[in-house]
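Novice: One letter stands for each residue in the lines below.
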Amino acid sequence: METKQEYWEGLAAGSFFLVATGAMMFIVLAVLDLIGTQISTQINGWASLVAVAGAAIGGLLLMIEAGNKAKAYLIVANPASMASKNAIMMTLFMGIAFVYATFFFDFIPWAGLEIIQNTVAVLGIITALIAVVIPALELGESRGRAFWDASALGPVFIITSAASGLAAVILTAVIMGYAENISILILDKVLLGFLVLQLISVVTYVFGKRHSGAYEARKAADNILNGQFKISFWGGIILAGTIVPILMLLLGSISFILIAKTVLVLIGGACFRNVFLQAAIRKPLPGEENEFLGHEEILWLAEKLEKRWQEKAAEIAGR
Amino acid sequence: MRWGMLVDLRKCVGCHACTVACQNENKLPLADKWTKVLRIGPIGEYPNLTGYFMPVPCMHCEEAPCVDGCPTGASFKREDGIVLVNDEKCIGCKFCMVVCPYGVRNYNESKGIVEKCRMCWERLENGEQTRCTETCQLKARYCGDLDDPDSEIVSLIHKHNAQVLHDELGTKPSVYYIIP
Numbered sequence: 008m009e010t011k012q013e014y015w016e017g018l019a020a021g022s023f024f025l026v027a028t029g030a031m032m033f034i035v036l037a038v039l040d041l042i043g044t045q046i047s048t049q050i051n052g053w054a055s056l057v058a059v060a061g062a063a064i065g066g067l068l069l070m071i072e073a074g075n076k077a078k079a080y081l082i083v084a085n086p087a088s089m090a091s092k093n094a095i096m097m098t099l100f101m102g103i104a105f106v107y108a109t110f111f112f113d114f115i116p117w118a119g120l121e122i123i124q125n126t127v128a129v130l131g132i133i134t135a136l137i138a139v140v141i142p143a144l145e146l147g148e149s150r151g152r153a154f155w156d157a158s159a160l161g162p163v164f165i166i167t168s169a170a171s172g173l174a175a176v177i178l179t180a181v182i183m184g185y186a187e188n189i190s191i192l193i194l195d196k197v198l199l200g201f202l203v204l205q206l207i208s209v210v211t212y213v214f215g216k217r218h219s220g221a222y223e224a225r226k227a228a229d230n231i232l233n234g235q236f237k238i239s240f241w242g243g244i245i246l247a248g249t250i251v252p253i254l255m256l257l258l259g260s261i262s263f264i265l266i267a268k269t270v271l272v273l274i275g276g277a278c279f280r281n282v283f284l285q286a287a288i289r290k291p292l293p294g295e296e297n298e299f300l301g302h303e304e305i306l307w308l309a310e311k312l313e314k315r316w317q318e319k320a321a322e323i324a325g326r
Numbered sequence: 002m003r004w005g006m007l008v009d010l011r012k013c014v015g016c017h018a019c020t021v022a023c024q025n026e027n028k029l030p031l032a033d034k035w036t037k038v039l040r041i042g043p044i045g046e047y048p049n050l051t052g053y054f055m056p057v058p059c060m061h062c063e064e065a066p067c068v069d070g071c072p073t074g075a076s077f078k079r080e081d082g083i084v085l086v087n088d089e090k091c092i093g094c095k096f097c098m099v100v101c102p103y104g105v106r107n108y109n110e111s112k113g114i115v116e117k118c119r120m121c122w123e124r125l126e127n128g129e130q131t132r133c134t135e136t137c138q139l140k141a142r143y144c145g146d147l148d149d150p151d152s153e154i155v156s157l158i159h160k161h162n163a164q165v166l167h168d169e170l171g172t173k174p175s176v177y178y179i180i181p
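Heads up: the protein sequence lines correspond to chains A and B, in order. All residue numbers for the first sequence refer to our numbering, where the first residue is 8 and numbers rise by one. All residue numbers for the second sequence refer to our numbering, where the first residue is 2 and numbers rise by one.
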């Protein structure tokens, strides 16, 4: 019987986190541009490239997760599957976001062509939003893992990604020297709102699953609240990733505070993906709790058997 | 034509011969089991106790989540209902393992791909039985055409009201069990 979802671990969680953060970061930047804020002209070029780089590293992590890396390009070969759709939207988003970034560099011939830039921004927002939501639908395809409920997971993914994306934009702006810009200070307040939403949605989701009719969903929620994921959940997501950054609002908006706060939010976002990905155990088969030989135990026994066999062979050869 | 399997759990004694025969047929390493045998029970209260064994191969689902979910199309369903993995297309992303509700897929570390029970389709095409069916000493396994109402497997399924695993998930498995 599973004690956690054991096939997709840290690499997949990291991939989901980086792609979602990059995509939401782009949405924030594009919205800042479309509503005509001054800061967008100052940070959007480099910050969009950071968003693309984040998503690209996420894609790379997914490739590393694959056993047959040389054929990883085949991941887009079955567009009917959610995993393929995810890869296609991720690639589209990265392409569009990269093109969008070029509008902010003076040496590019089309820099400053506002109508095209706005069109690319809108297209980028659409693909980014889909890239954020699709993983929820992808996980929801697992019929035997009731903890992943696509309809409820989608909104939670949007909210947590929005918090991470906002944090990434603020962090990038602060590093670029725009900590005191009015738009960044407003984004800081917006981040506060999303952190409150994150707290409510994540806690509601987990406690909701704790009272689910499905055994595996209740068990997964129990593992998160009181079991093997409790430190990541309470310490990483709730305390470090949400409550402490909310409380840090009282400390003002100086650069150091902004950096510390946004880094904590990003850590919380990474913990969220990891916990939600790994906690979803499969609906057990009858008798699976009695399965006396797990994969690792068999390997251990096989190794012992092989070693004993070699000893015996050496003994016989020595006679 | 839709190949299916029936396991009579009243006869199965949990000898694991099917597991070993499958490993032998498919030249699997010791750690890889394409058909696992689960022990259920003891159920009830003393002295009214019971227990039985349940071999679990790939269910070759009619609505296979692994086939729908596979991003490369490596997991596919043949016209005769057998679900297979195309080694050439599999990239080892393990998504099929995540979505399979029965946990019957194995990741082959050395090949970097996912493998599973192939219902011995070559043997079936040659008019033979699957290796596990042939090996079972207690004749607890049956293999046949689920679309043929006159086949032995279909009549046994009806006669004994055979059940499938996790019917509520809607995967429509092709492996049935006669429950004791």
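Don't read these hints as lab results, they were simulated from the structure. As the structure is a prediction and not an experimental result, all values here were calculated from the model. No residue lacks a Cβ here, since even glycine has one placed at the ideal position from N, Cα and C. Treat the hints with care, as some may be off.
Said to hold, decoys possible - The calculated lysine-lysine pairs, modelled on DSBU-like cross-linking and capped at a C-alpha distance of 30 Å, are: (1) A:K314 to B:K112; (2) B:K112 to A:K311; (3) A:K78 to B:K28.
As the list claims (entries may be wrong) - One side of the interface only, derived from the structure: several residues of chain B facing chain A at Cβ under 10 Å: (4) P72; (5) I83; (6) G93; (7) K95; (8) C101; (9) L170.
Novice: A separate judgement is required for each hint: does it hold in the structure or not?
Specialist: Hint by hint, here is what the structure shows:
no.: 1; hint: A:K314 to B:K112; result: holds (24 Å)
no.: 2; hint: B:K112 to A:K311; result: holds (24 Å)
no.: 3; hint: A:K78 to B:K28; result: holds (25 Å)
no.: 4; hint: P72; result: holds (4 Å)
no.: 5; hint: I83; result: violated (19 Å)
no.: 6; hint: G93; result: holds (2 Å)
no.: 7; hint: K95; result: holds (4 Å)
no.: 8; hint: C101; result: holds (7 Å)
no.: 9; hint: L170; result: holds (4 Å)
Hint 5 from the list above is the single one not met by this structure.
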